[in-house]
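Colleague: With these hints in hand, go ahead and build the complete structure from the sequences.
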Amino acid sequence: MSEARKEIMGRIREALKTPSPKPHLKGQSSKVTGKAWLPEVGDTHAETMGLLSDNLAKLKASFHPVENLDQAIALVKDLAQKKNWKNIAYHKNDLVTPVALAIDGNAWAVDDSFSKDKLEAADVGLTSCVSIVAQFGAILVSSETSGGRGLSILPPVHVVIAKADQVVPDLAACFEQINLQFGGKMPSMLSFITGPSRTGDIERILVLGAHGPKELYLILVR
Amino acid sequence: MSDSKSIFIKEATLTSADGEQRQFIRTALGGYYKNRDIYQARYRDWELARDAASLAKWSAVNNLAEVLEKFVAKFEANGGKVHWARDAAEARKIILDLVAKANATAVIKSKCMTTEEIHLNDALEKAGFGVVESDLGEFIQQLRGEAPYHFVFPCMHLKREAISELFTKHLGTAPTDSPEELTMIARRHLRKLYITADVGITGANFLVADTGQISITENEGNARLTAAMPRVHIALSGIEKVINTIDDLTVLLPMLATAGAGQPMTCYNTLYAGPKKPGELDGPEEFHLVLLDNARTQILADPEQRDSLHCIRCGACLNVCPIFKNIGGHAYGTTYQGPIGSVITPHLRGLKDWNHLSGASSLCGACTDACPVRIDLHHHLLQNRRNAAKVVPNLFDRVFHGSFNFVIQRPALFSLGGKVFRKTFGLLKHLPLPYLGTWLKSRDLPAIPQKSFREVWKDSKNV
Amino acid sequence: MRVSLFIPCFIDQLTPQVGLATAKVLKKLGQEIEFNSSQTCCGQPSYNSGQWEIAKEGAIRSLEVFKDAEVVVGPSGSCVAMMKKFYPELLHGTKYEAEAKRLSQRTFEFSDFIVSQLKITDVGATLNKKVTYHDGCHALRELRLKEEPRKLLRAVKGLELIETEEAESCCGFGGLFAVKFPMISTAMVQVKAGALARTGADYIVSSDPSCLLQIGGWLSREGKVIRPLHIAELLAMGIDDV
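Residue numbers (numbering that gives the first Met the number 0), protein chains in the order written: chain A, 0 to 221; chain B, 0 to 462; chain C, 0 to 241.
Keep in mind that the hints were calculated from the coordinates and are not lab data.
The beta-carbon is built from N, C-alpha and C at its ideal position, and this holds for glycine as well.
A portion of the hints provided could be inaccurate.
Said to hold, decoys possible - The following label-pair restraints were derived from C-beta to C-beta distances:
1) B:Ala76 with A:Asp69: 40 to 48 Å
2) C:Lys145 with A:Asn83: 32 to 40 Å
3) B:Ser5 with C:Glu33: 19 to 27 Å
4) A:Lys21 with B:Glu75: 27 to 35 Å
5) B:Pro445 with C:Gly157: 23 to 31 Å
6) C:Lys145 with B:Asn393: 49 to 57 Å
7) A:Ala56 with B:Gln20: 32 to 40 Å
8) C:Leu160 with A:Pro18: 44 to 52 Å
9) B:Pro445 with A:Ser52: 16 to 24 Å
10) B:Gly78 with A:Asp53: 35 to 43 Å
11) B:Ser5 with A:Ser1: 39 to 47 Å
What the hints assert, rightly or not - Selected chain B positions facing chain C (Cβ under 7 Å, derived; list incomplete):
12) Ala411
13) Phe413
14) Ala446
Modeller: Encoded structure:
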């Protein structure tokens, strides 16, 4: 053990010999869990989906619920044409691959031959995700589900293709699922994406696309 | 008077007289208030959520040794390497050594106040390593050679014209009055740097003990890029950032965003568990975490103010603070501005030189009400005043309050003193008396009454 | 009830009319009023300056002054907060702690006493004026009084209450802060009083006379017409008009 570690730990143990009282709380409970106090998520599936849709709209993310994969393919093809997406970077996945390959452009699976420079030149990144949190409109991606760390952040557009049953009502349920799914073996990166990249650093005026994607699409296949 | 105090007085005198700049700051914060209120209102119970957030931090801070040990074991099991720094110098040395060992030619940084606290950029530059701040606000401040104005909104004091001029001067870009275009200039400029940098340096908002992850909160995506592209990722964090479980983030992540920026959740909340794993496509080969004490254990040793280590650096206390809004962030001369800065700076840098910050408060308590983790901020300012009176005796204060107490212990003397004051006020107001003279420089007193309340009461025995 | 008046030192010497109005309103509401003239200052200036040992002497003295009082009512959120909230903390761990707690439980700010203890909101006042309300920070955040004064104001016949966005902002008084950091204090009152003046109200009403000293002092220096008025004065005035 390093000297510094020993010394800091010693200081901590010494400092904590004097206990400090619990903070002044409004509630009486000694063990308070946060989830009960966070924003409402609705009682029914329809309400949860409505909430997700509202949240994504407020975040200026583009939300497209579709009936099946064919609709997803048609939708993204159309978007690609309108937006002139030519260099398509994607992560191989049952939902993502057919969509990426259908686009009229150069589809490149990052899984095959990763290159930072090539990723930087991509017009759009296509990924799947772990889950979607309706309560906040947050999309959880991981280094496993989303083609590493860069694919969901470096290209100027991020398109997420997911299944409707990946929607969880609230953050608490999402963490519960993370614990179950990954247990002691977390992917090296888990990231909640809550709307397209943004900044308010100049006069607190909102600008999208600070460093990450300027546009974020969520295509949800029923 | 300490240097830091005389600088504070000088700066605050200038900035508090700048009505236009003060209005600019209030206008900039207007949108924050509006959104904060909207998103707080969506909570089923914001006050009970504060309880939960406060307890999450309290239980970690009050078991810091165990929780840290647990975190470190998990972090290293995930493949990361932990380094311990007793103070700023040690932290700088660790980071410089890591950067040198990586044969780094370029270093990119995402926003991290702890690196400001240890003056990392200066040290890197002196050692010959170019370092570029990637957060837009920090990038702008770095170009200006100026410290952040607000630890969450680093350049909120600047008008777009000033930023445009700055970019023209340093980046050779055409002038523009569009915040959007200014943002895109920075975006274009920094993009290649993420790819070419060998080392990425970030901070950490939370260290999650049960999973060994570090959690980073941001809006721009620059921290994501900083931790994705370079070969080596170095994170610097205070030891107090540790929390017990990943579930604690259920309440901490949204509250950090809502209290700090008026958002439901910030754009990116990212958990890192080790470097690139076998089978993963990208990410750093090495992941280092530097855990910094730098007087945090001194705060820990003060049970009365230990809760100031609960701080999640959301900046809510600054945003509501009338002192901050009227003197601005630079006047403080500290890494951490506003109420939390005034509470912890005397611990970090010495009560003797920094106790004036505790005095420079009307103790209005808006900060305490705004704090999502219930730090008793304004009462800590009061306690710092008490501590300062013991540690740094102020003769004037002692004589003044001693005399005042002598008078108020004697009702007849108090009554007489009041009478003399009232009868001679016409003369006194022209004298350069301490306190009274200062008051009268910018404010009147009401018409001085002939009789005090007690005299009228005694006369009438009734009303 | 037998109400023992707690008249803070600067009300006693500078704005006695606030004390008289307090007595008048409480009397109108059927209370028996007493004033112990051995009271002076609660010790808050020393407490806020970090001179806690000196402040303790002031606190101990107040415990003695009010030891036989049935209830103590003061027309100042700030000074009442000192007695009600800070005395028990200041005297914590001393032999005076229990007495400090006993005083704390019997001490009330003027509007709080009427609304929460007497359960009265309409004191029977009429006043055809427009007013705006300033929340003193101690009343608002230490005593958590927000609705109490407003209930009293809304019940005054003919009165129009105009709220301002800056209602909860600090006026910048802060006791000796006002003269130790006058430039910050003045900037704060500029923001606060400026917003209050823009409401176009006839009076700025507050339960805290020290804030009114600051706000009124600045408004007077700036030559503004809007006048500061303590809530007790306003109610007393409204009772007169009946």
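Colleague: Each hint: holds or not?
Modeller: These are the hints, each one checked on the structure:
1. B:Ala76 with A:Asp69: 40 to 48 Å: holds, 45 Å
2. C:Lys145 with A:Asn83: 32 to 40 Å: violated, 56 Å
3. B:Ser5 with C:Glu33: 19 to 27 Å: violated, 50 Å
4. A:Lys21 with B:Glu75: 27 to 35 Å: 32 Å Cβ-Cβ, so the 27 to 35 Å window holds.
5. B:Pro445 with C:Gly157: 23 to 31 Å: holds, 26 Å
6. C:Lys145 with B:Asn393: 49 to 57 Å: Violated, at about 36 Å.
7. A:Ala56 with B:Gln20: 32 to 40 Å: holds, 36 Å
8. C:Leu160 with A:Pro18: 44 to 52 Å: holds, 47 Å
9. B:Pro445 with A:Ser52: 16 to 24 Å: violated, 59 Å
10. B:Gly78 with A:Asp53: 35 to 43 Å: holds, 40 Å
11. B:Ser5 with A:Ser1: 39 to 47 Å: At roughly 41 Å between Cβ atoms, A:Ser1 and B:Ser5 fall inside 39 to 47 Å, so the hint holds.
12. Ala411: Not OK, violated: B:Ala411 not within 7 Å of chain C, min 9 Å.
13. Phe413: holds, 4 Å
14. Ala446: violated, 9 Å
Against the hints set out earlier in the document, violations occur for numbers 2, 3, 6, 9, 12 and 14.
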